[in-house]
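Numbering (my numbering), first residue to last: 661 to 787.
Hints should not be assumed to be uniformly reliable.
Only pairs whose alpha carbons sit at most 30 Å apart, straight line, appear in this in silico DSBU-like list of lysine-lysine [what the hints assert, rightly or not]:
| id | residue 1 | residue 2 |
| --- | --- | --- |
| 1 | K758 | K706 |
| 2 | K758 | K722 |
| 3 | K761 | K722 |
| 4 | K758 | K769 |
| 5 | K741 | K761 |
| 6 | K721 | K706 |
| 7 | K717 | K769 |
| 8 | K722 | K769 |
| 9 | K761 | K706 |
| 10 | K706 | K717 |
| 11 | K761 | K721 |
| 12 | K721 | K769 |
| 13 | K666 | K677 |
| 14 | K717 | K758 |
| 15 | K761 | K717 |
| 16 | K706 | K769 |
| 17 | K758 | K721 |
| 18 | K722 | K706 |
| 19 | K741 | K758 |
Hints in this document: simulated from the structure, not taken from any laboratory.
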Amino acid sequence: MLLWLKNALSPQEIRDKIMDPTSEFQRQIVEYLESVHIGEFLTGSKDEVEDQINIEKSENKKYQDPTQTLPDAPPSLCNDKACDNCLDCEALESWWEKFRKITDDLIFKSNVHTCRKQSDKKSDKKR
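Could you put the whole structure together from the sequences, leaning on the hints where they help?
Below is the structure:
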């Protein structure tokens, strides 16, 4: 069932406005969508994560691009309910810290979109 609102845009008009990269409608739709979905990193802001990756790459000679490697398996869990930071617990906490950093590295390399910024720069040059 299609519900039609009086004076509303038709589906074709909406499509045309979304597909036009210079339309105010498209800009506002994208702004709205970006405002309701904020992809976040686990260990900091985008700039902080980028800085940390650059430091890691320059200071760690054994650094490996996580997009080119398989993940490390987590260590064994501690089964002692009264444990007070045994070696297994410390190893697991260390693994989780490394996991968060590697996940941020992967997200930064694979899922940071800059096409909108580039599009804005191109339109500024045309003006």
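Tell me the numbers of any earlier hints that the structure contravenes, in ascending order. none
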